[in-house]
Amino acid sequence: MNIKENIKTLVIKKPLKLDCGKTINNFPLAYETYGSLNKNKDNAILVFHALTGDQFVTGINPVTKKDGWWSYAVGPNKSIDTNKYFVICANVIGGCMGSFGPSHKNPDTNKIYGTDFPVITINDMVNAQVNLLDHFEIKKLFSIVGGSMGGMQVLQFISNFPDKASTVVPIACTSSHSAQNIAFNELGRQAIASDHNWSDGKYLSNNTLPDKGLSVARMAAHITYLSKKGLQEKFGRKLQERDALKFGFDADFQIESYLRYQGSVFVDRFDANSYLYITRAMDYFDLVKQFDGNLSNAFKKTKAKFFVISFTSDWLYPTQENKDIVIALNAIGADVGFVEIKSDKGHDSFLLDVPDFLKTLKNFLDKSYSER
Amino acid sequence: MKTEYKIIVDLIEEKTRVLDVGCDDGILMESLKKNKNVDARGIEISKDKVQTCVSKGLTVIEGNAELDLKQFPNDSFDYVVLGQTLQAFVNPEIVIKELLRVGKKAIITIPNFGHWKVRLNLLIKGTMPITESLPNEWYNTPNIHMCTIKDFVKFSKIINFKIFKSLALTNKNISNINNANLFYKNLFAELGIFLIEK
Numbered sequence: 002m003n004i005k006e007n008i009k010t011l012v013i014k015k016p017l018k019l020d021c022g023k024t025i026n027n028f029p030l031a032y033e034t035y036g037s038l039n040k041n042k043d044n045a046i047l048v049f050h051a052l053t054g055d056q057f058v059t060g061i062n063p064v065t066k067k068d069g070w071w072s073y074a075v076g077p078n079k080s081i082d083t084n085k086y087f088v089i090c091a092n093v094i095g096g097c098m099g100s101f102g103p104s105h106k107n108p109d110t111n112k113i114y115g116t117d118f119p120v121i122t123i124n125d126m127v128n129a130q131v132n133l134l135d136h137f138e139i140k141k142l143f144s145i146v147g148g149s150m151g152g153m154q155v156l157q158f159i160s161n162f163p164d165k166a167s168t169v170v171p172i173a174c175t176s177s178h179s180a181q182n183i184a185f186n187e188l189g190r191q192a193i194a195s196d197h198n199w200s201d202g203k204y205l206s207n208n209t210l211p212d213k214g215l216s217v218a219r220m221a222a223h224i225t226y227l228s229k230k231g232l233q234e235k236f237g238r239k240l241q242e243r244d245a246l247k248f249g250f251d252a253d254f255q256i257e258s259y260l261r262y263q264g265s266v267f268v269d270r271f272d273a274n275s276y277l278y279i280t281r282a283m284d285y286f287d288l289v290k291q292f293d294g295n296l297s298n299a300f301k302k303t304k305a306k307f308f309v310i311s312f313t314s315d316w317l318y319p320t321q322e323n324k325d326i327v328i329a330l331n332a333i334g335a336d337v338g339f340v341e342i343k344s345d346k347g348h349d350s351f352l353l354d355v356p357d358f359l360k361t362l363k364n365f366l367d368k369s370y371s372e373r
Numbered sequence: 047m048k049t050e051y052k053i054i055v056d057l058i059e060e061k062t063r064v065l066d067v068g069c070d071d072g073i074l075m076e077s078l079k080k081n082k083n084v085d086a087r088g089i090e091i092s093k094d095k096v097q098t099c100v101s102k103g104l105t106v107i108e109g110n111a112e113l114d115l116k117q118f119p120n121d122s123f124d125y126v127v128l129g130q131t132l133q134a135f136v137n138p139e140i141v142i143k144e145l146l147r148v149g150k151k152a153i154i155t156i157p158n159f160g161h162w163k164v165r166l167n168l169l170i171k172g173t174m175p176i177t178e179s180l181p182n183e184w185y186n187t188p189n190i191h192m193c194t195i196k197d198f199v200k201f202s203k204i205i206n207f208k209i210f211k212s213l214a215l216t217n218k219n220i221s222n223i224n225n226a227n228l229f230y231k232n233l234f235a236e237l238g239i240f241l242i243e244k
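Those protein sequences? They're chains Z and G, same order as listed.
Residue 2 is where the first sequence starts when you use this note's numbering, and the numbers rise one by one after that.
Residue 47 is where the second sequence starts when you use this note's numbering, and the numbers rise one by one after that.
Keep in mind that the hints were calculated from the coordinates and are not lab data.
Ideal Cβ positions, reconstructed from N, Cα and C, are used throughout, including at glycine.
Please note that a few of the clues may not be correct.
[What the hints assert, rightly or not] Here are the simulated DSSO-like pairs of lysine-lysine, each with C-alpha atoms no more than 30 Å apart in a straight line:
#1 K363(Z) <-> K211(G)
#2 K102(G) <-> K140(Z)
#3 K211(G) <-> K52(G)
#4 K93(G) <-> K301(Z)
#5 K95(G) <-> K363(Z)
#6 K79(G) <-> K211(G)
[Claimed, not checked] Here are a few chain Z residues that sit away from chain G, every Cβ distance over 10 Å (derived from the structure):
#7 K23
#8 H136
#9 K343
Hey, can you work out the whole structure from these sequences and the hints?
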């Protein structure tokens, strides 16, 4: 992974006390920006990425040479219009696109951290990213937006910094990671750990990569991002470049070949230990528990305008979990809108070309911006 | 804007908090914001209509009044508006009680099934009435609990809520309903508009 070039990095000098008890300082936070900050510095949107995303939201990702993960939603005249807004996105700490993570060297031992890297949480991630506001001298963001784990960061951010955003858009997420989601994440972690090359996380020092384990983790996770109907319509029982079953264990079916491909391209851009750390952060996320069982208290101090979006076919972060956020907000009379978008594309709907979603997101942001 | 909406806007005081249940495409909410400086929220069951409301900058949640009113605390709104949908609920009694729990006051409008055309329709044709305001056949109508203005007044006594103001809409003319004229209003009004309190 050649990632050093093209990466903007902010070195955070201020000590950050992590939830695990350790304190980190002088650590790098990699970020990217799109559009330009206006004179009043009131047009900034902080976008939070999901599990395997990074700071390269749109355009061509200079490291992977592929489209940014949210190219459908972010760009000139798109839902998050970079002609109008200044979009900032940081690689989460624990990640592998330049921010402080397990593939970095421990300055104390001069060895790569691996699993000696401290366990980080969603709370730690947003506490690191809030430093970007000082860096750009932004007092208040116009909006914070994110889907999936990005949505969890949105919720945590507004809870930690209630007056630092005017509008808040959590998409396809939850306030408390479910047992089912923890289970899927554990499956991924165990796939990685059972790859001999993982070597208890010390693979970078050994120069062996747990590609098999990481690709199986990705394959399993990828299924959870789609819907049964979507899979059936796209693949059905179609065979992969053959006319009949081969009575073996090659990829007979297109869906098998597709998953194998997804797994194989993923290992080129993602670090196995980062996958462990970030999935752990998601599993530990429980905003309800942070506020003693009452989610409403997480939002009591903010006057921000919320807009919650879910998708009909998302069974990973189903509508009810998104609605729980709406219910908690309504219970304290907060300003909250909510819509469930009809889509067969599963949890991944927020990343894909789903016109109703893209239009609704744009309408909400643009209208709120003009009325600010 | 529909005369019905104009009447509702007139009934609502300035700078209050209003929940529009079944807010449709948000026309009433927009007018309340513009004319009465109201903090307006909406619930709407149709995804398309929620999206229309969002494009107008309105705060609307997708939901169903029978399931989603319970998330609002007691007295969280000054007014809750329910326009021409009471008859579509499985249990209108629970809905009215919920409206009056969530709102200090409620404004309910009902298409009057006691209108002479409806009565005549059934009397002459012997089939379920179809009129301009009730255009559906019996088998595909969402209106499963039709009532008349008189029924609604009676209902207020049965489930114990106060009617503060009752207005009749007849041919775009607005008039008050009282005990003395109830018989006639129930025969000639197309719509009843009620401001109620617990």
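Given the proposed pairing of K211(G) with K52(G), does the C-alpha separation stay at or below 30 Å? Given pair K211(G), K52(G) holds - Cα atoms ~15 Å apart, limit 30 Å.
If you draw a straight line from the CA of K79(G) to the CA of K211(G), is it 30 Å or shorter? With Cα atoms ~23 Å apart, K79(G) and K211(G) stay inside 30 Å; holds.
Given the hinted pair K363(Z) and K211(G), is their Cα-Cα distance within 30 Å? violated, 42 Å
Verify this label for me: H136(Z) is non-interface relative to chain G, using a Cβ-Cβ cutoff of 10 Å. holds, 31 Å
Take the C-alpha atoms of K95(G) and K363(Z), compute the straight-line distance between them, and say whether it is at most 30 Å. holds, 16 Å
Can you confirm whether the C-alpha distance between K93(G) and K301(Z) stays at or below 30 Å? holds, 28 Å
The output says K23(Z) does not contact chain G. Does that hold with a beta carbon cutoff of 10 Å? Label holds. Min Cβ-Cβ 39 Å, cutoff 10 Å.
Below or equal to 30 Å on CA atoms is what counts here, so check K102(G) against K140(Z). holds, 28 Å
K343(Z) non-interfacial with respect to chain G [C-beta, more than 10 Å]: violated, 6 Å
Against the hints set out earlier in the document, violations occur for numbers 1, 9.
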